[in-house]
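*Asks:* Below, each chain spelled out in residue letters.
2 protein chains.
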Amino acid sequence: MPGAQTNSSWDVLLDVSGPGADPLVSALRTAIRSGVLAQGTALPPSRKLAEDLSCSRWVVTQAYAQLVAEGYLVARTGSATRVRWSGSPDQTKPPAPAKKAPRYDLAPGLPDLRAFPRKRWVDAIREVLAVVPHTELGVPPAGGHPKLRAILAGYLRRVRGAATDDVRICAGVTDGVFMVCRALHEAGFTQIAVEEPGWTRVWRAAERAGLEVVPVAVDEEGLRVKDIPGKVRAVIVTPAHQFPSGVVLSAGRRAELLAWAREVDGLILEDDYDAEFRYDRKPIGTLQGMDPHRVVLLGSVSKTLSPALGIGWCVVPPLWRHKVQGSAPPVLDQLAMAEFIEDGGYDRHLRKTRLRYRARRDALLKALGGAKISGAAAGLHLLLHVEPGTSTRMLIRYAERRGLKLVDLDTYRSSPGEPALVLGYGNLADTAVTEAVKILRSGLRDVEVVREPGGERDVALHLDPAADEQQRR
Amino acid sequence: MPGAQTNSSWDVLLDVSGPGADPLVSALRTAIRSGVLAQGTALPPSRKLAEDLSCSRWVVTQAYAQLVAEGYLVARTGSATRVRWSGSPDQTKPPAPAKKAPRYDLAPGLPDLRAFPRKRWVDAIREVLAVVPHTELGVPPAGGHPKLRAILAGYLRRVRGAATDDVRICAGVTDGVFMVCRALHEAGFTQIAVEEPGWTRVWRAAERAGLEVVPVAVDEEGLRVKDIPGKVRAVIVTPAHQFPSGVVLSAGRRAELLAWAREVDGLILEDDYDAEFRYDRKPIGTLQGMDPHRVVLLGSVSKTLSPALGIGWCVVPPLWRHKVQGSAPPVLDQLAMAEFIEDGGYDRHLRKTRLRYRARRDALLKALGGAKISGAAAGLHLLLHVEPGTSTRMLIRYAERRGLKLVDLDTYRSSPGEPALVLGYGNLADTAVTEAVKILRSGLRDVEVVREPGGERDVALHLDPAADEQQRR
Numbered sequence: 001m002p003g004a005q006t007n008s009s010w011d012v013l014l015d016v017s018g019p020g021a022d023p024l025v026s027a028l029r030t031a032i033r034s035g036v037l038a039q040g041t042a043l044p045p046s047r048k049l050a051e052d053l054s055c056s057r058w059v060v061t062q063a064y065a066q067l068v069a070e071g072y073l074v075a076r077t078g079s080a081t082r083v084r085w086s087g088s089p090d091q092t093k094p095p096a097p098a099k100k101a102p103r104y105d106l107a108p109g110l111p112d113l114r115a116f117p118r119k120r121w122v123d124a125i126r127e128v129l130a131v132v133p134h135t136e137l138g139v140p141p142a143g144g145h146p147k148l149r150a151i152l153a154g155y156l157r158r159v160r161g162a163a164t165d166d167v168r169i170c171a172g173v174t175d176g177v178f179m180v181c182r183a184l185h186e187a188g189f190t191q192i193a194v195e196e197p198g199w200t201r202v203w204r205a206a207e208r209a210g211l212e213v214v215p216v217a218v219d220e221e222g223l224r225v226k227d228i229p230g231k232v233r234a235v236i237v238t239p240a241h242q243f244p245s246g247v248v249l250s251a252g253r254r255a256e257l258l259a260w261a262r263e264v265d266g267l268i269l270e271d272d273y274d275a276e277f278r279y280d281r282k283p284i285g286t287l288q289g290m291d292p293h294r295v296v297l298l299g300s301v302s303k304t305l306s307p308a309l310g311i312g313w314c315v316v317p318p319l320w321r322h323k324v325q326g327s328a329p330p331v332l333d334q335l336a337m338a339e340f341i342e343d344g345g346y347d348r349h350l351r352k353t354r355l356r357y358r359a360r361r362d363a364l365l366k367a368l369g370g371a372k373i374s375g376a377a378a379g380l381h382l383l384l385h386v387e388p389g390t391s392t393r394m395l396i397r398y399a400e401r402r403g404l405k406l407v408d409l410d411t412y413r414s415s416p417g418e419p420a421l422v423l424g425y426g427n428l429a430d431t432a433v434t435e436a437v438k439i440l441r442s443g444l445r446d447v448e449v450v451r452e453p454g455g456e457r458d459v460a461l462h463l464d465p466a467a468d469e470q471q472r473r
Numbered sequence: 474m475p476g477a478q479t480n481s482s483w484d485v486l487l488d489v490s491g492p493g494a495d496p497l498v499s500a501l502r503t504a505i506r507s508g509v510l511a512q513g514t515a516l517p518p519s520r521k522l523a524e525d526l527s528c529s530r531w532v533v534t535q536a537y538a539q540l541v542a543e544g545y546l547v548a549r550t551g552s553a554t555r556v557r558w559s560g561s562p563d564q565t566k567p568p569a570p571a572k573k574a575p576r577y578d579l580a581p582g583l584p585d586l587r588a589f590p591r592k593r594w595v596d597a598i599r600e601v602l603a604v605v606p607h608t609e610l611g612v613p614p615a616g617g618h619p620k621l622r623a624i625l626a627g628y629l630r631r632v633r634g635a636a637t638d639d640v641r642i643c644a645g646v647t648d649g650v651f652m653v654c655r656a657l658h659e660a661g662f663t664q665i666a667v668e669e670p671g672w673t674r675v676w677r678a679a680e681r682a683g684l685e686v687v688p689v690a691v692d693e694e695g696l697r698v699k700d701i702p703g704k705v706r707a708v709i710v711t712p713a714h715q716f717p718s719g720v721v722l723s724a725g726r727r728a729e730l731l732a733w734a735r736e737v738d739g740l741i742l743e744d745d746y747d748a749e750f751r752y753d754r755k756p757i758g759t760l761q762g763m764d765p766h767r768v769v770l771l772g773s774v775s776k777t778l779s780p781a782l783g784i785g786w787c788v789v790p791p792l793w794r795h796k797v798q799g800s801a802p803p804v805l806d807q808l809a810m811a812e813f814i815e816d817g818g819y820d821r822h823l824r825k826t827r828l829r830y831r832a833r834r835d836a837l838l839k840a841l842g843g844a845k846i847s848g849a850a851a852g853l854h855l856l857l858h859v860e861p862g863t864s865t866r867m868l869i870r871y872a873e874r875r876g877l878k879l880v881d882l883d884t885y886r887s888s889p890g891e892p893a894l895v896l897g898y899g900n901l902a903d904t905a906v907t908e909a910v911k912i913l914r915s916g917l918r919d920v921e922v923v924r925e926p927g928g929e930r931d932v933a934l935h936l937d938p939a940a941d942e943q944q945r946r
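Protein chains in written order, with this note's numbering: chain A, 1 to 473; chain B, 474 to 946.
Hints were generated in silico from the structure; no laboratory data involved.
One thing to keep in mind: the hints can contain errors.
[Unchecked claim] Okay, the calculated beta carbon distance ranges per label pair:
#1 B/R754 x A/T77: 17 to 25 Å
#2 A/T411 x B/R735: 39 to 47 Å
#3 B/H795 x A/T411: 18 to 26 Å
#4 A/D343 x B/A603: 19 to 27 Å
#5 B/V604 x A/T411: 28 to 36 Å
#6 A/A38 x B/W793: 23 to 31 Å
#7 B/R875 x A/K323: 32 to 40 Å
#8 A/R224 x B/W793: 35 to 43 Å
#9 B/R587 x A/D343: 26 to 34 Å
#10 B/L823 x A/A359: 49 to 57 Å
[Unchecked claim] Subject to a maximum C-alpha distance of 35 Å in a straight line, what follows is the list of computed DSBU-like cross-link-like pairs (lysine-lysine):
#11 B/K755 x A/K48
#12 A/K405 x B/K620
#13 A/K147 x B/K755
On a predicted model such as this, the values are computed, not experimentally measured, just so you know.
Even for Gly, the Cβ is constructed at its ideal location relative to N, Cα and C.
Extracted from the complex, chain A is given alone in its bound form (with noise of 0.2 Å):
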């Protein structure tokens, strides 16, 4: 055990700035956490510290009896007061800085967030605060404000065909997602069917929540129902608008899911991913509206105004409500949703931003021309396939080298397939669609020309030559 400390200039080893008993509490917390101070270290008498540091004596006794309360010293009568603790040195990092964002952005996801509402989002946060009770700022309830939960119910009643007035609020359609896998998996379901490819985000949901993903391929007409294997007795979906293969389930699929869902006794989960933008006709109701007692029904503002919002909403069939559970976002926010929604600001930007992303998905396949796309003319995204055995890889690695962010099909397999792009065009630019269609076919040319060397496969698009000229002038 270390005896007295003798050393007279305490001045030197303590970095005391400041005046009363604060900065040499600090100072000596410091000096004790980094070692400087051992364990068993006497402490001078109060009096003897004070004089070195130029202080006053109750500072010094001040700042032990603070120290002494907190554990880090122990005093005992007629004996110096002495360094009780010895921990382990703290070695905490702050945390990485956040990545630069792309200068032009195809990654899928996302909608255009230069077109958030920042000034309508003020008003209606003022408008909230100016009128709300203050006891509606206490512990929120678990489901949602009533006022916005009688809001939406109205809405997807209105413009998505549900069937429910009772809407639950959760973060989004991940967290709703995870809320309703826990409640499965309580209630002994062991596996979830997932459409391949994917939402891979929704899938790590339900894993967390201590299920297990069944891949089931998706064709043409969607979700192939006939492929659940027999045992598995939930499933999520996308009818919509498949995410990412853009495909709408089909009426035929949609009837026969919803006769899975009776004979195996199981549920839907129904992601109503990107069923705002439809651009080509009226979106399709939601499955939840045919069969309520079948389907959860699933959505958020995420892809409409912007995820950094974290609303989203669950209808949950009556059996299973009271086996959701979680918290829903802060009150101020869900009430200026509720706002945002019924003075008709809501509908006025979904019609506004889609006929911006319309244009803009137009301006893209007219820049891509020729280029083998898939996907229904609905959301923000398309599929661009690109020759088989072309290295993605490389090609998404060389755009980024030039500020282009790509996106590769495999990240939302379960297992690479032929490859292809998911270009998410919705926080693209309208200035960027020239530019950012130029770096991604100077890509897929110089890429396959590094390639000839190995033999490898020729990559190319399937590209108008004409358009291709007039974006070399």
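Please build the complex by placing chain B on the supplied structure of chain A, with the hints as guidance.
*Replies:* Just chain B now, kept in the frame of chain A:
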């Protein structure tokens, strides 16, 4: 199978109001869902229905096409369009309306909701939206926004003596406990010790995460560390101000608890409950600061601003950091909070409310004059011990009928014990102190009278007769 519908008055059957195909789609959906149009029913030719409804034929063909796509109808060439679907009727009910707030609220767990800085919050949101790059409105990083993380780390180092550069943002202490307990569960932990009495909402969070909670008694020095059963390797404690006993964990117990954690290779979850409100001295620094490798620090603004904001934090030891998963609150709220701390607004709010709570506590103690009270001069609640044998249940009902909300100490115990009430004065209006105590006192008197005939034990507060007399005037 029902035959072709021959009813000529389709305008009576279908409640179609408004122009265009949408109202007709809704009306047909409703008629099918409610069973008015049963499976197999043939719909009239579009020309006929258009005549009945006095609309264009185009409107009808559009509506039929939509419902065919949605799976409600089936169309075959050369045959009538028929109802395909037969589902179970929609029987969801709207959620129950929110409970009415009590006139006088002595329930613990809330800060002064009247003091919520409404204007300042709107300003903070406006300032954030004026400058935040659109790229930060995308999918929020799971651990929280780097800006709030850095600002909170500085705040916790400065104000709470925490040892960290890496704070994770979550929705609150309950959310943080759930996330950490899930990580413990994944790592093979099966049990967690909790304080008895304690904040049962936190117990429930640990249970939802799959752990068994093991209540361990609290005495005048805080958690009885020696009573933690041999196999338990994790514990949730409130060292700064135990809820609901009000005890501060003694220096000896702090050292004992840290030594225990090292010995069993365990983890301490430090709920930094009420640390901001200490009226007699500087608050005790965190346990986490003494051993950042063994202690998870959890805190939130729920008891300082409002639970409606849904902003909390946790500081997780390096070895556990990547095992803790969950999502952060909405980005705009995080940035507004960062703004509020950074410009000193949060500190000012705390100073102002601390003075207010101290005065309110003093007023409450004075009004309760002579009653048996316990709990340190800290936080937002105190314990009122009533005579053994008192029916707190009756007392609470009595008060409820008079608009006063009281909470039983038994709410926070695993089994009933000595009768006491937890009086939370955080959300009690200053002007309501006198009236609330008047109801409480008369309750104690009346409940006593009511129960005398039954020969049960007397119920009495140790009242100060002078103060009591003053009350009656």
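*Asks:* For every hint, state whether the structure bears it out.
*Replies:* Taking the hints in turn, this is what the structure says about them:
no.: 1; hint: B/R754 x A/T77: 17 to 25 Å; result: holds (21 Å)
no.: 2; hint: A/T411 x B/R735: 39 to 47 Å; result: holds (43 Å)
no.: 3; hint: B/H795 x A/T411: 18 to 26 Å; result: holds (21 Å)
no.: 4; hint: A/D343 x B/A603: 19 to 27 Å; result: holds (22 Å)
no.: 5; hint: B/V604 x A/T411: 28 to 36 Å; result: holds (32 Å)
no.: 6; hint: A/A38 x B/W793: 23 to 31 Å; result: holds (27 Å)
no.: 7; hint: B/R875 x A/K323: 32 to 40 Å; result: holds (37 Å)
no.: 8; hint: A/R224 x B/W793: 35 to 43 Å; result: holds (42 Å)
no.: 9; hint: B/R587 x A/D343: 26 to 34 Å; result: holds (27 Å)
no.: 10; hint: B/L823 x A/A359: 49 to 57 Å; result: holds (51 Å)
no.: 11; hint: B/K755 x A/K48; result: holds (24 Å)
no.: 12; hint: A/K405 x B/K620; result: holds (25 Å)
no.: 13; hint: A/K147 x B/K755; result: violated (42 Å)
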